[in-house]
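Asks: As a plain string of letters, each chain reads:
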Amino acid sequence: MILVPRLDFAAMAGQVSRMSATQTVEAIIVGAGMAGLTLAHALASAGIEVAVVDRTDPSSFIDPAFDGRTTAIATGSANVLDGIGLWPDLAPKSCPIDTIRVSDGDALMFLHFDHHEVGDDPLGYILENRDIRGPLLAAAAASPHIALFAPATIESVKRGSGGVSIRLDDDREVRARVIFACDGRGSSMRREARIPVTEWRYNQSSFVCTIAHERPHQNIAHERFLPGGPFAILPLRDLETPIRSASGELRHAASIVWSEANDLVPAIRTFDDDAFTAELAQRVGGFLGEIALASPRWVHPLGLSHAARYTDQRLALVGDAAHGIHPIAGQGLNMGIRDVAALAEVVVDARRLGRDIGDPDILADYERWRRFDNMLLAVVTDNLLRLFSNDIAPLRATRDLGLGIVNAIPAARRFSMRHAMGVVGDLPRLVRGEAL
Amino acid sequence: MTDQTSTRDSRDPAELEKFRRMADEWWDPTGKFKPLHRLNPVRLEYIRDHACEHFGRDKHSTRPLEGLSLVDVGCGGGLLCEPMARLGAKVTGIDAVAQNIEIASLHAAESGLDIDYRATTAEDVLAAGEQFDIVLSMEVVEHVADPGAFLGDCAGLVAPGGLTFAATLNRTPKAFALAIVGAEYVMRWLPRGTHNWRKFIKPSELVNGLEAGGIEMLELTGVVFNPLTGNWSRNRSDMDVNYMGVGCRHA
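Chains as they are written, first to last, in our numbering: chain U, 1 to 436; chain L, 1 to 251.
It should be emphasised that the hints constitute simulated quantities derived from the structure, not laboratory data.
Heads up, the beta-carbon is just placed ideally off N, CA and C, and yes, glycines get one too.
Fair warning: there could be bad hints in the mix.
Cβ pair distances, simulated, as ranges [stated by the list, open to error]: (1) L:ASP116 x U:ARG368: 33 to 39 Å; (2) U:ARG368 x L:ALA159: 39 to 45 Å; (3) U:ALA261 x L:GLU45: 31 to 37 Å; (4) U:GLY160 x L:ASP116: 21 to 27 Å; (5) U:GLY160 x L:GLU211: 43 to 49 Å; (6) U:ALA308 x L:ALA159: 50 to 56 Å; (7) L:ASP12 x U:ASP171: 49 to 55 Å; (8) L:THR229 x U:ALA308: 38 to 44 Å; (9) L:ASN196 x U:ALA435: 42 to 48 Å; (10) L:GLY161 x U:THR56: 49 to 55 Å; (11) U:ARG167 x L:ARG171: 24 to 30 Å; (12) U:THR241 x L:ASP114: 20 to 26 Å; (13) U:GLN313 x L:ASP12: 33 to 39 Å; (14) U:THR56 x L:PRO227: 47 to 53 Å.
Here chain U stands alone, though its shape is the one from the complex (with noise of 0.2 Å):
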């Protein structure tokens, strides 16, 4: 009987962590925004150990000046937010959108969308970033499943058939089955896997802001499709604290989300204050009474990017690493949401089969199930644009009498509301609002 010399490899790694500080976890998270947390969060519901990296200090997150933008939630990512037990912290900043209009210009067709023609749900819901992040970044640091590592900086990544390990610039070295990339569009991490991007610029540019105003929304979302490009309210909770001005206390408060065309961009940049609300004024109407400016201004170019494949040995893209769109559609994050709650899923399942979560064949599964759904929306989002964004005459034309047409079918307007909501396709558990 041959017996061959067992070596004790185990003790052999241990020495070698003993040397500097390492930790060992199965998934490794780059990026701690609001996939890469959703994703955290996700993976701990079930017990999968993960370390979140981030170069940011956690604190600026929650900043009013780092991001005023605001996010529009789906109903389908209301439940997967609420399916790993992070929507009743969400919640409460949360308003809800009710009827969502979308209007050409100053045409008189417009497409209206109602909650109540396809159930009890909202459509959807608005925060603001910081609302988003505060919470999950407070539930991430209880969780006994997730390392925090922010701010921390990663000097080299290495990859293998065994396994992937990071070091970060404090010379501590994390280790894992796997690296989920969700550190956004410029990612690094696709970058350093020579993965290649398809990307244009639009030549569009979005300015965004709060505004305070006189008159209640009711929860209405307006989106009006304008020559330089679309315009959109969407509606806030009230203010805390009102805003001062003619007429009285301003307590109403919607974002804005305005699109315009880059020649006009650098002269509006210079407008101050007043000159900016005047120009906003303009475009909002006069329905909600008198605004006011009640946050910083922020501008931001608008480009799309779609990544050639979504994984890589032990890599995968999540969310805006993987693909940006322009916010025609609100469906940026709720994209980015549902990677999460896809990749989740053959994570989690693979996971409770004992399989290494970074099985190539695993990672298949999940590119499969998104790369093409996220490719489909880029290109209608894409379309959509192109077709809106100009004034030629029988184009509005013929877009308003499409407007109309969409308007006048309640199956197609249904179609159209159940897809804003994200609850079409082959939907992830979470999706579906069942259990991971």
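Go by the hints and put chain L onto chain U.
Replies: Below, chain L without anything else, positioned relative to chain U:
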């Protein structure tokens, strides 16, 4: 190479030599063992579900097999041992091919898993008096010298109250067509000569072999390949080619 602890020897020299030459390819998901990689999720789910039901564990937890001892007979490169260790089982992997044990040990260290790998045979472990809560012999019995004696040894390794799982290929014309002509010659999924059809095991032979060792068979199920999706799934009404079963030893 003399056997000092057991009078029987389950090893078939020609079969061992075949696997010796393939040893370093075990963990390449696109290599010679690709069919086993694809088959693995179905086998794992079967083992997990039956073990969780039998031992009253929560199959949605990350370590449902915590504290249970498990031996994988003919463990190869450790394709089943590693998942079982991740699910919390205290895993022993045995294989008669020493190269397999070396590959399996190296890979487990890389994966950060603690698995007791030994180059030995079922009869030797049994002769040493060891027993386990779960005994696996998956895709092994069709490669041993004396299937009846081998199944008896596997049965003997099951502790009172424990479970045993076995998977193999049926000795039918369909199995010859699919597993040998199809998989080895047409699809080239497996190296030619991986399987010898005459060594395939009929379900009755599997059941009789284990029951002779004091096991009560609980269930048999077929495992079928869907060429459209490329996935394997359980199918109780088709045991013509691949099949597996579970049995228990009463406490």
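Asks: Are the hints correct? Go through all of them and say.
Replies: So, going through the hints one by one against the coordinates:
1. L:ASP116 x U:ARG368: 33 to 39 Å: 37 Å, holds
2. U:ARG368 x L:ALA159: 39 to 45 Å: 42 Å Cβ-Cβ, so the 39 to 45 Å window holds.
3. U:ALA261 x L:GLU45: 31 to 37 Å: This hint is violated: roughly 56 Å between Cβ atoms.
4. U:GLY160 x L:ASP116: 21 to 27 Å: At roughly 25 Å between Cβ atoms, ASP116 of chain L and GLY160 of chain U fall inside 21 to 27 Å, so the hint holds.
5. U:GLY160 x L:GLU211: 43 to 49 Å: 46 Å, holds
6. U:ALA308 x L:ALA159: 50 to 56 Å: With a Cβ separation near 53 Å, ALA308 of chain U and ALA159 of chain L satisfy 50 to 56 Å, so the hint holds.
7. L:ASP12 x U:ASP171: 49 to 55 Å: 53 Å, holds
8. L:THR229 x U:ALA308: 38 to 44 Å: Since the Cβ atoms of THR229 of chain L and ALA308 of chain U sit about 25 Å apart, the hinted range of 38 to 44 Å is violated.
9. L:ASN196 x U:ALA435: 42 to 48 Å: 47 Å, holds
10. L:GLY161 x U:THR56: 49 to 55 Å: At roughly 54 Å between Cβ atoms, THR56 of chain U and GLY161 of chain L fall inside 49 to 55 Å, so the hint holds.
11. U:ARG167 x L:ARG171: 24 to 30 Å: 55 Å, violated
12. U:THR241 x L:ASP114: 20 to 26 Å: 58 Å, violated
13. U:GLN313 x L:ASP12: 33 to 39 Å: Taking Cβ atoms as reference, GLN313 of chain U and ASP12 of chain L lie about 37 Å apart, which means the hint holds.
14. U:THR56 x L:PRO227: 47 to 53 Å: 49 Å, holds
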